[in-house]
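Visitor: Which chain is which? The protein sequence lines are Z and L, in order. Residues 1 to 797 in the working numbering are what the first sequence lists, from first letter to last. Residues 1 to 162 in the working numbering are what the second sequence lists, from first letter to last.
Check before you lean on any hint, since a few could be wrong.
To be verified - Here are the in silico distance ranges between beta carbons for each label pair: (1) L/69 <-> Z/617: 50 to 60 Å; (2) L/133 <-> Z/5: 36 to 46 Å; (3) Z/732 <-> L/119: 27 to 37 Å.
To be clear, the hints were calculated from the coordinates, so they are not data collected in a lab. Here the structure is a predicted model, which means the values were calculated and not measured. Here a beta-carbon is modelled for each residue, glycine too, at the ideal position from N, C-alpha and C.
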Amino acid sequence: MATAQRTWIGTDVPRLEDPKLLAGRATYVDDVKLPGMLHAAVLRSPHAHARVARIDVSRARSLPGVFAVITGEDARDLSNPLPAFCAEPVVEYALAVDKARYVGEAVAAVAAVDRYTAEDAVALIEVDYEPLPAITDPFEAMKPGAPKVHENLPSNLVFEKTLSFGDVAGDFATADRVIRRRLRYHRASAQPLETAGAVCRYDPFSQRMDVWSNTNMINYVGWLLANTLKVPASKLNIIPLYVGGSFGSKHVLGKVIAIAGMLAKLTGRPVKFMEDRVDNLVACENLACDRYYDSELAITRDGIFKSLRVRVVDDYGAYFQFGHGTHGNALAQATGAYRIRSLEYTVRCALTNKCQQGVFRGAGSDAGNFNLERLVDAAARELGIDPVEIRRRNFIPPDAFPFKTPQGNVYDSGNYPAVLGRALTMAGWEELRRMQAEARRRGSYIGIGLATAHQRSVYGPTEFWFWYDTPGLTSVPESVGLALGPTGEFIVTMFSPFWGNSPETVVAQTVAEEFGIDPSQVTVAYESSQHGLPSAGPGGSRMTVMLTGAVAGAARKLKRKMAQIVAHHLEAAPEDIAFAGGRAMIRGAPDKALSYAEIGFKAYWFKLDLPPEMESGLEARHTYDHPYLTMPSPDRKDLGAFYPMMAHGAHIPVVEVNPHTGQVRLLRYVAVHDVGTIVNPKSLRGQIAGGITQGIGMALYEECAYDAHGQPLSASFMDYLLPTAMEVPKFEIGHVETPSPFTEYGVKGGGEGGRMIAPAAVASAVEDALAPLGVRVDEVPMTPERIVSWVEAARRR
Amino acid sequence: MPRTVPIKLTVNGVQHELAVEPRRLLVDVLREDLALTGTHVGCEHGVCGTCTVLVNGESARSCLMFAVGADGAEILTVEGLGQGARLHPLQEAFREAQGLQCGFCTPAMLMVAYELLQQNPSPSEEEIREAISANLCRCTGYQSIVEAVQLAAARHAVAGAR
Numbered sequence: 001m002a003t004a005q006r007t008w009i010g011t012d013v014p015r016l017e018d019p020k021l022l023a024g025r026a027t028y029v030d031d032v033k034l035p036g037m038l039h040a041a042v043l044r045s046p047h048a049h050a051r052v053a054r055i056d057v058s059r060a061r062s063l064p065g066v067f068a069v070i071t072g073e074d075a076r077d078l079s080n081p082l083p084a085f086c087a088e089p090v091v092e093y094a095l096a097v098d099k100a101r102y103v104g105e106a107v108a109a110v111a112a113v114d115r116y117t118a119e120d121a122v123a124l125i126e127v128d129y130e131p132l133p134a135i136t137d138p139f140e141a142m143k144p145g146a147p148k149v150h151e152n153l154p155s156n157l158v159f160e161k162t163l164s165f166g167d168v169a170g171d172f173a174t175a176d177r178v179i180r181r182r183l184r185y186h187r188a189s190a191q192p193l194e195t196a197g198a199v200c201r202y203d204p205f206s207q208r209m210d211v212w213s214n215t216n217m218i219n220y221v222g223w224l225l226a227n228t229l230k231v232p233a234s235k236l237n238i239i240p241l242y243v244g245g246s247f248g249s250k251h252v253l254g255k256v257i258a259i260a261g262m263l264a265k266l267t268g269r270p271v272k273f274m275e276d277r278v279d280n281l282v283a284c285e286n287l288a289c290d291r292y293y294d295s296e297l298a299i300t301r302d303g304i305f306k307s308l309r310v311r312v313v314d315d316y317g318a319y320f321q322f323g324h325g326t327h328g329n330a331l332a333q334a335t336g337a338y339r340i341r342s343l344e345y346t347v348r349c350a351l352t353n354k355c356q357q358g359v360f361r362g363a364g365s366d367a368g369n370f371n372l373e374r375l376v377d378a379a380a381r382e383l384g385i386d387p388v389e390i391r392r393r394n395f396i397p398p399d400a401f402p403f404k405t406p407q408g409n410v411y412d413s414g415n416y417p418a419v420l421g422r423a424l425t426m427a428g429w430e431e432l433r434r435m436q437a438e439a440r441r442r443g444s445y446i447g448i449g450l451a452t453a454h455q456r457s458v459y460g461p462t463e464f465w466f467w468y469d470t471p472g473l474t475s476v477p478e479s480v481g482l483a484l485g486p487t488g489e490f491i492v493t494m495f496s497p498f499w500g501n502s503p504e505t506v507v508a509q510t511v512a513e514e515f516g517i518d519p520s521q522v523t524v525a526y527e528s529s530q531h532g533l534p535s536a537g538p539g540g541s542r543m544t545v546m547l548t549g550a551v552a553g554a555a556r557k558l559k560r561k562m563a564q565i566v567a568h569h570l571e572a573a574p575e576d577i578a579f580a581g582g583r584a585m586i587r588g589a590p591d592k593a594l595s596y597a598e599i600g601f602k603a604y605w606f607k608l609d610l611p612p613e614m615e616s617g618l619e620a621r622h623t624y625d626h627p628y629l630t631m632p633s634p635d636r637k638d639l640g641a642f643y644p645m646m647a648h649g650a651h652i653p654v655v656e657v658n659p660h661t662g663q664v665r666l667l668r669y670v671a672v673h674d675v676g677t678i679v680n681p682k683s684l685r686g687q688i689a690g691g692i693t694q695g696i697g698m699a700l701y702e703e704c705a706y707d708a709h710g711q712p713l714s715a716s717f718m719d720y721l722l723p724t725a726m727e728v729p730k731f732e733i734g735h736v737e738t739p740s741p742f743t744e745y746g747v748k749g750g751g752e753g754g755r756m757i758a759p760a761a762v763a764s765a766v767e768d769a770l771a772p773l774g775v776r777v778d779e780v781p782m783t784p785e786r787i788v789s790w791v792e793a794a795r796r797r
Numbered sequence: 001m002p003r004t005v006p007i008k009l010t011v012n013g014v015q016h017e018l019a020v021e022p023r024r025l026l027v028d029v030l031r032e033d034l035a036l037t038g039t040h041v042g043c044e045h046g047v048c049g050t051c052t053v054l055v056n057g058e059s060a061r062s063c064l065m066f067a068v069g070a071d072g073a074e075i076l077t078v079e080g081l082g083q084g085a086r087l088h089p090l091q092e093a094f095r096e097a098q099g100l101q102c103g104f105c106t107p108a109m110l111m112v113a114y115e116l117l118q119q120n121p122s123p124s125e126e127e128i129r130e131a132i133s134a135n136l137c138r139c140t141g142y143q144s145i146v147e148a149v150q151l152a153a154a155r156h157a158v159a160g161a162r
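Same shape as in the complex, but just chain L (with noise of 0.2 Å):
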């Protein structure tokens, strides 16, 4: 068997022991050991984005970081964002600016925006295009993504925490 290695990760505030391999990657510990299918891989070369979850607060690239390298971390996925049968208001703008089709990229994407109105509770077109613009939208041409993200803004949707 290969050699596997004991880590702690706080996964939308529930603690979990692990161990695994050092090259077993964060996003198939979330997704095949913890069940949290809802982060998507999409590329697995850290370009399209769609494995993004928020690590300590900070998004990241489930697809491209090591597991053991989040040993100790808090990280939030899309299952974290609402609270059992309720959609998070950020989740409701979404749905109201139908910011989404296939909905495969709209886990990540809901991590960018929900990470970018943490930090900046009213930001322009402008900078809402460049904050998703590292995640790709095959789907959507990203206009109904940005109505969704100023729309959720405008509601106060995501207190900034920090």
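The shape of chain Z in the complex, shown without the other chains (with noise of 0.2 Å):
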């Protein structure tokens, strides 16, 4: 689809963003210094599950240097508990009260002259534990009678629902076949390089609390970690920093600001406290879903899918922070790109004593997309049809759109045949094929895996409460500032994070295109909650368009005012003043104009020079809102549009895969994916390189595993292992365009589609490669182990 013609929009500008991280100029929240500066460290829980019968800090305190140590005791005293995203009474502080409940978690906390120091004292601190039977399995953990993770419940299954849409048991019951599949996807977690952290200072006489930290929701949720650290909310200011990689793992943040929060305001000095390796590693809120799925499709004898059933059970960990919201996220594309007329959705929450799931890239999606996209495959060879053709023939068509699926949500745009015809060209699908029966008369095991799915982005906040009866939040905004200064230079005023994404290059190619001048020519500046317009930061694929949308938004009302400037001193109408190359004119007689730099100096300096009533200065401050959000029905038969820009795409990973050993090489990795209009194809590709390197890393590397008893066995990167430079191929990227109609520019999000695809495409790869043993995979990561014992057992049956 063609898309319109633009100066910067769609160009590889270089990013604004990039000067000062090269030269390691960027302020990220270690590099934060205050005068009289403490640090904090932690003291963890050895045990899953257990009892905190006494603490002595008495040691720890007298050391010199200890300014401070708080137990959970002290946490109750001087917090409340942290913002839960759940209606479940499931309470957490920041420290442990009464009793831990899994390895890792906070029991005390000191806060020192410097690190060394304050990790001599946490070594000093004695603790008696009563420990407690672990529980780590979520089936076990639901049986009545299981040891409770939290005594205030009924029971460890903290959520229970199922949300039927459509006419799921007639579909069923009239279907020539059903695919079943039990499906595992286990829990990843994000491990951005730089961990999670934050300084707060606290000033009690006027109780403002300043906390410099790697959260992105400075706005959103800021107000409710004013509530944890009993401070004013008007009185909490976030201030925004660069920040070292997130993949959703710094939302909210609320242990590590709470604790420097704490010490801050029982020392009375600026606190740090930053969280090491193995601090993330067990404790951090970056682990993602962990998931058991007993699915269903049905589907006719041609392959037409009628009708889909989910089954998860969920393994929460011992909190529910998020609650349910990551499926939210996998219902807003449950039935992917297909068109299947009914769906229902059973999900059963546990709680076990293991560190709680947060947010991990794909926010849950991911699972959804291994999960469907394993059923389709099956589908393919159980009724003996290419893989490509059962897609092909249950796929919406390009015309269908916008287009609304069983459970409401509406798809904006998208053309998913010519999706997967560029990756089937780009792969040489048919040669592919060719060279893998040539590998197989040699006895190599050459794979070739297919996985075309979602990747929905800008979330609307009804999936945060659409399971229970009550409804919540419908805002999720995004606010910029936009001026014009007197010496004609624009500045723009930003009030989320840079996230490791790049919000300033964002900003200034709209500021560009709207104004027609050089992207370099914008100022781009990040400000502190307590001067903030409503805005929910990065997550959900949203910011670039948010920002674009915003930026558009201000835009506009800044040419309004400087329209009526320019037509007041050329006398004409202000309809007829336009903007382009560095000037504002008037249409049709470019040479009747006004830089902008002469309109920014008149407007500061020249006040009778402005039409009668008019202010001084030139500035457009604009929220831009979510472009498509409808309410749920009240009998939740409708969830209404929740996540509408949809963005799509087609992988198709070779692998080699040695039956013997386990081990699985990428030979090659075609992507193709549509988001909509590119903004930055560089910085797109490398959003989608990204993340398919860590779609890779689920597939077959990344899993945060417990034992039985809840010891985490992936504390370090020893044992946690993250894809290296060694072991991802050289991706080949392509792209189709169709832009969204409900965005500025038709913009959709890109950010986690790598990472929401990959593990069903490379999965599809590796049972591809040992179809001839009979291999099924329904389990990732697929670690060597793992191929070994499945290839095992597929000569055994």
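Got two chains here, each in a separate frame; can you build the complex from them with the hints?
Guide: Now the structure itself:
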């Protein structure tokens, strides 16, 4: 599809963020240093479940250089519980009160002159634990009589609900076949190279708390953290910083902010708490979903999908901070790229003695894609239909958009056959199949994978609550300030931080597009929460859509005022003023113009040159709300449009598997994405390649494993394996553009697709490689141990 | 007060005399004592490579090295690559190829790439991947980093000084 002619949107503008990052001059949270600042360290529980009978902090407290030691009891006095996005009464403090519920839960914290002394003091804290039976299997946890993770709850089955859309029973009854799979999607974790941290400074006289942190929700949930820290919401000021990667793991960061904040209140000094890697691996908010699927796809003998039934048990760990939010994400695209008439989705959330789930890029939709695409591959195999053909038969056709899914979400746009076609061409599908046949004759196991899956973008907040009966939030805004300064320079103020993405470049490209200037002429600033307009920040692949929308809105407001000034000066009508090439001119008479510098100068310093009643200065502030959000129906038979900007992709990885050692080598990786209008091709490519790499990690290496007693088995990078440059291939990335009808410029989000599609695609490739041995892949990560055991099991059959 | 030991370090050409505890890590001396915060801490157990600096011309993990062990050494950090406000041509190549996203692993990647190109001015893709494979990047998928190093090599951005 042809896109509009644009100057800057869609071009490889060099990132504005990069020079300072390359020079090592960007300020990350660990670079913040305040006069008199203390450093915190944390004592963590060695038990998965244990009553804290006694803590003796006297030796720690008397160590020279130690200013404060706090325990769970102190946390209950100094703070309120951490924010939670669920209705269930699962109470969590930053330090364990009464009992520890997972290995790594903080039980005490120290503030000292430096980190070395703080850690020395931690080693001097004596704790008497009374170990309790640890529950680590979600199915055991849900049984009546199982040891309870939280005594105030009726059971560890913290949430159970079935949502049903359309005539599921009828569609299953009239189906020719039902494809069934039991699938296991293990828990992985985001592991940004920068851990989470916070520096807090408290002024008891004004009750003001300043927070420097790598959280992203500075405006969206800052007021909730104010409640946690017992300061007035208007006096909690969160200062945005450069963030060394998040991938969803740094949304709230209540624990690190609360620990630094409590110690700052108690000592009267600024306190920094920076997680180390072990803290991050065992206790951060970055552990992803941990699911057991029992799924059924009802189909006709021609391979037409009729209905989908998904039953999920999700192992949430010890707390329920984000509730079942990752199932709202999965529901946005539960039926994927396919026309499926009815859907039933049952979720059971179990609490166990493990670190709780948070959010990791994909936010549970990655697991949903894995589930659906595994079913589709199984359907193709069982009916003897080619996996490409079965997808083509079931795709939502390009003329059906906007498309309403059975659950009520709306897909804005798409051309799935075109995306698949491009991927097949780039991969040389037929030639690959010939190469594979040849390889098989030689006895080598080459596999060609395929997944065609969605990437929902721009979340709506109804997904936080539509599982319940009562309505909740409906705002998820993003704001910018846009000013033309007195010397004709544009300044954009953002109210959300840099999170590893490219917000400065996006807003500069948009300003450049709107005003016909070079993006390098735009200055970008970040504002703290106390000066904030409402902004929800990065997450759910929304920032490029929301920032282009917010800047375009602000540009319209600014242009109105500029046009009035120019029209007043040139004696023309404001409607006749056009903006291009760094000037505002009368349409059709380009020689009658004012430069932006002339307009800015007048606006700031020549009040009597302005139209009567006009205020001095040239600034516009704009809040861009969710472009297309509708309410769920009261009976929840229709969830409304809540994640409507639907990006899509087709991935074709080629692997070689050694069935004796379980080693998987990626030979090629083709990925075609449709994220609507592309704003910056190079930075989009980075997002896609990085996402695929994390998806490969999920498929092959990354797992937050625990033993039966709840001891983490992946508490360092020696055990939690991230892909290195040696494991990932050179990616071949292509694009199809179907602009969104709902957003400015037609942009859709592209931040998560790589990770959301790759696990399904790589699983498909490994299964294809081992097809001659009869292996079925029902589980990721496909570690060497698992692959060898599948091969052996298949041989025994 | 804990016992301290006097040491001398030359960092980015500037000489420093310091008194440090024997257990103080080089990365903390660089970041906290000398305020050179370009070098980052990622895992503190020697796997991620984010803290890599050059010690006497060879890459070393400053989170695993005691500062006393670097006594008398010449150290190069990311702050020593450019000249004032001018980026080093290697940094420019990273910018052009967009060999970074969040920028957190970037200073260490630059140091590793600098070391590689000094030893091997025209490395193959495989050699580049091997050289950077001890440094984790969670954002880019490495492809653009490899391309940045290739671009720098093609431009002879780093002179082989040995």
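Visitor: Take the hints in turn and mark each one as holding or not.
Guide: For each hint, the structure was consulted:
1. L/69 <-> Z/617: 50 to 60 Å: holds (58 Å)
2. L/133 <-> Z/5: 36 to 46 Å: holds (43 Å)
3. Z/732 <-> L/119: 27 to 37 Å: With a Cβ separation near 30 Å, residue 732 of chain Z and residue 119 of chain L satisfy 27 to 37 Å, so the hint holds.
Of the numbered hints listed earlier, not one is contradicted by the structure.
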